Amino acid sequence: MTGVIVTTLNLTAIYALVALGISLTWAGLGFLNLATGVMYAGAAYCAWMVSTSITSNVLVVLLGGIIGGAALGAIVCLAVFLPLDGRKNWELRTLTATLALSFIGSNVYLWKFGPQFKQFPSLFDWLPTFRLGPTLVETTDTGTIISTAVVVTIVLVYIGTSRIGLGVRALTQSVEGAALVGINRRTTAFAILCISGAFIGLAAVLLGQTFFVQPDSGYVPLIKGLVVALLGGLGSLRGAVIAAFLVALCEALTLQFFGGAWVLVTLFLLIAVVLVIRPRGIAGVLETTRA
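Take the position in the sequence shown, starting the count at 1, then add 5; the result is the number in the numbering used here.
Derived by calculation from the structure, the hints in this document are not laboratory data. It cannot be assumed that every hint is accurate.
[To be verified] What follows is a set of in silico ranges between Cβ atoms, one per label pair, in the way DEER data are often shown:
id, residue 1, residue 2, range
1, V186, V270, 45 to 51 Å
2, N62, I159, 17 to 23 Å
3, Y224, L280, 20 to 26 Å
All figures in this text were calculated on a predicted structure; none of them were measured in a lab. Here a beta-carbon is modelled for each residue, glycine too, at the ideal position from N, C-alpha and C.
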């Protein structure tokens with residue numbers, strides 16, 4: 006069971022980062038970003054170029070992925086959100102535009118980097134390995150969990166105490182009310198998409214330690230991120246973290262007792278059970294308990 010615990014914590018860290026990026030844009034803007042996958046791949050390529058051309062220092066490589074993801078979030082904001090915000094059927098238009106941007110980005114990566122897989126150097130070799138019962142905890146697992154915990158804590162504290170965070174919370178409650186108190190939706194949108202991109206960029210670097218980077222490597226994280234965000238309740242950051250843990254635990258238990266072929270089956274059973282009981286997702290359960 007210690008192996009299940011380690012796998013669960015590792016997967017929770019990755020899934021939570023992507024789901025938080027998706028939930029944050031929905032909570033503050035009502036904007037479902039289907040370009041998340043191409044942002045993931047682009048941030049991974051940025052970090053890979055830093056690691057191979059500049060330095061393999063862990064902090065610099067992580068920063069390269071985070072900055073790359075934030076820059077791609079800014080591009081999505083400037084190219085899609087700002088031109089379409091407030092227009093008729095803007096929700097459907099932004100969905101279509103981000104999907105088109107995803108296809109364009111994948112082809113640009115294919116043209117620039119080719120179809121060959123890119124591999125990160127190991128970033129966490131300086132951390133010690135140790136045993137948790139019979140399970141050997143690798144340096145990659147330890148580095149992933151620590152990096153995610155530190156970055157998510159910093160960002161959530163910043164959102165909870167800064168003016169931008171106040172703007173996000175105000176927009177979540179009422180767009181008109183936020184405008185009345187002087188909160189600029191477009192300026193806040195730029196910050197939200199940059200923070201969302203930073204989360205996704207960090208996830209790309211951490212997952213790049215396990216999986217190769219390629220032009221379409223962002224599609225699976227996009228799907229998993231959407232699943233976790235929907236299960237947690239779109240727009241709920243706390244629900245996204247709890248859902249990431251449940252999905253990771255479900256996958257880890259399935260791998261341990263049934264094998265990888267059953268992962269999708271048990272995952273969709275979990276989603277069906279939660280959404281049948283609470284159509285709003287885990288966030289709906291939390292709201293009911295709080296009330």
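A quick look at each hint next to the structure:
| no. | hint | in the structure |
| --- | --- | --- |
| 1 | V186 to V270: 45 to 51 Å | holds (48 Å) |
| 2 | N62 to I159: 17 to 23 Å | holds (19 Å) |
| 3 | Y224 to L280: 20 to 26 Å | holds (23 Å) |
The structure shown violates none of the earlier numbered hints.
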